[in-house]
Amino acid sequence: MRRWLAWMALFALGADVFLTLVMAPRAANFSAPLTQRIFYYHVPAAWVAYLAFGVTAVAGLVQLKRRDITSDAIALASAEIGTLFSLIALFTGLVWARQEFVGYDPLRDAKVVTLAVLILAYLAYFALRRAIEEPARRRRLAAVFGLLAALGVPLSYLASQASIHPDFTRADESLDPALARYLLFSLGAFTILYAALLDARARLALLEARQEEPWTT
Amino acid sequence: MSALAWWRVAAKDARLELRAREALQPILLTGILVVVVGLLAFHDVEERLPVAAATLWIGLAFAGSLGLARAFGAEKDRGTIDTLLTLPVARGHLYVGKVASSFLTILVVALVLVPLYFAVGGLALPASWPALLLLVALGALGLAATGAMLSLLAAQARSRDALLPVLLAPLVVPLLLAAIHGTMDVLADLPFAEWRPELLILVGYDISFLAASTLLFEAATGA
Amino acid sequence: MLAFEGVTRRFRARKALDDVSFRLAPGSFTALTGANGAGKTTLLRLAAALDSPTAGRVALGASVGWLGPEPGLYDDLTARENLAFVAGFFGRSEDDITAAAAHFGIEAALDARARALSRGEKQRVALARASLAGDLMLLDEPTTGLDAEGAELAARALLALRGPRTILAATHDPALVAKADRVLRLEGGRLA
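If you're matching them up, the sequences are chains S, G and E in order. Heads up: the first sequence is residues 4 to 220, going by our numbering. Heads up: the second sequence is residues 20 to 242, going by our numbering. Heads up: the third sequence is residues 117 to 308, going by our numbering.
Hints may contain errors.
To be verified - Footprint (simulated), chain E over chain G, 3 or more residues, beta carbon under 8 angstroms: (1) 23 to 32; (2) 35 to 41; (3) 94 to 103.
Claimed, not checked - Below, in silico cross-link-like pairs of lysine-lysine (DSSO-like), each with a Cα-Cα straight-line distance of 27 angstroms or less: (4) 95/G with 295/E; (5) 95/G with 114/S; (6) 68/S with 131/E.
Simulated from the structure, these hints should not be mistaken for lab results. We treat Cβ as the ideally placed atom computed from N, Cα and C, and that holds for glycine.
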């Protein structure tokens with residue numbers, strides 16, 4: 004991993020923890036004061052989960068055009084990181100929502116459904132990759148699936164929005180602007196963390212790919 | 020001729036399906052089993068409609084994925100896929116042809132399953148039954164579109180019979196959500212405004228996946 | 117027609133084809149020989165654009181009539197329907213189909229389901245199908261599954277197609293090799 008990126012991520016994350024847990028004021032309209040802070044980790048985690056998937060899809064597009072190993076390494080790395088963050092997002096989201104909303108039913112939340120679909124899509128992506136031995140074919144078919152899944156995830160959100168009433172809207176609609184700053188910072192910190200992890204994992208994936216096919220540049 | 024190339028592929032597949040009727044039996048049976056088990060298991064539930072809608076589409080999805088696994092899996096096993104790939108047609112035609120024949124198979128299963136609900140499921144035929152047919156057709160098309168594409172991906176991998184449902188599941192959720200809820204509304208004879216969003220999503224799903232898969236098909240076959 | 121320029125195909129560490137270059141003359145019959153595993157099937161697949169090279173270039177300038185290691189027929193279609201399916205994409209007529217079937221000696225079996233045909237008959241149907249397809253015939257062991265007499269007939273039929281068709285056939289059959297215009301011999305992925 005690039006040294007400066009690692010340091011930046013470390014700093015950003017440290018600052019984020021300090022700011023959100025210590026400095027951020029108690030939210031007036033949130034009922035459970037402590038678990039409310041999970042919010043500052045849940046939203047960015049979800050953001051990274053979706054961002055990572057987008058990166059995997061775009062990397063797949065590049066892969067189909069260029070047929071290189073770098074874009075595939077990025078796609079794989081992003082998918083792994085995205086899976087991790089989506090699990091974090093799901094867990095933190097459920098904990099927070101159960102505290103926040105009376106009678107919360109996760110199955111009636113369009114965001115939960117979409118996140119679940121995202122996780123299933125990630126798992127399917129890995130299953131496909133594992134099932135193909137020939138490297139060139141694996142890269143190509145994984146890219147195709149990634150693109151199709153990128154189509155399916157937004158459609159899942161729309162479909163669950165349309166069919167689920169009522170929808171548990173997040174309280175970020177009525178987010179106090181004073182708190183919004185902390186959320187924004189958290190988003191930034193998580194994005195930097197994602198970039199650092201991606202850099203590290205992608206480099207490793209590239210090395211593995213070169214080992215598999217030593218003649219590739 | 021070249022614009023109708025997909026029709027040739029579909030016609031060939033349709034002919035094969037008709038002749039190899041034994042292949043259709045396990046597919047039909049799977050669908051019927053899901054429906055019957057569902058109706059039996061929930062026989063004491065007040066709300067018939069959600070159960071009916073859910074079991075119909077789950078039955079179609081299961082039965083469909085059996086048929087779809089064969090779509091390109093069988094071509095690969097027979098050794099016919101190479102001949103197909105050397106034909107002087109844009110590969111998108113091969114895809115569209117497969118979608119057409121898969122769509123027909125799933126539609127046939129649906130036309131067997133749907134009457135079951137009215138015959139033995141204790142449901143009343145809604146006034147808007149044409150709408151029901153429309154939803155079934157759109158849902159079947161979506162299943163065929165996504166399934167045919169994933170069938171090609173799975174055919175090139177190991178353990179393809181186990182892999183196809185895994186690949187299909189996340190992609191088919193939006194389709195099933197819209198189809199199930201739309202079906203519920205139609206069975207309850209609710210006004211069009213109620214199920215219009217679901218209809219739009221089905222249409223959007225079908226168009227998106229058909230278009231994306233046709234474009235990506237070449238990449239999914241080449242070496 | 118077909119040209120290979122420095123084509124290499126690697127599967128992980130193994131080089132199935134190593135820096136292969138050649139050019140086919142239109143209308144010629146070329147035999148591709150070599151031990152099992154020498155790379156003949158890989159070469160044919162690359163020629164048919166069923167696979168891409170790891171390095172080098174394959175220049176394919178014609179439509180392809182393909183015959184793989186297996187006959188690859190649809191069991192529930194008749195021989196005629198199998199032929200007609202492919203022939204239709206190449207604009208061949210009913211007469212062409214009957215002529216091709218006669219040429220390979222299976223006109224009697226045309227209306228039988230492919231499932232009911234013997235291995236040798238299937239092979240000949242597949243050969244007829246390849247001849248109805250593109251101008252460049254790429255054949256993987258064309259006389260496999262045929263008895264001595266059948267192989268001799270098939271060999272003669274193939275050689276008779278020279279001119280209107282360009283043929284590249286991977287084969288062990290001495291009759292074909294002897295009468296070929298050119299022989300390409302593969303040894304461990306390289307052209308000898």
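- Message: Let me make sure I understand: some of the numbered hints might not hold for this structure. Which ones are they, in numerical order?
- Response: 4, 5
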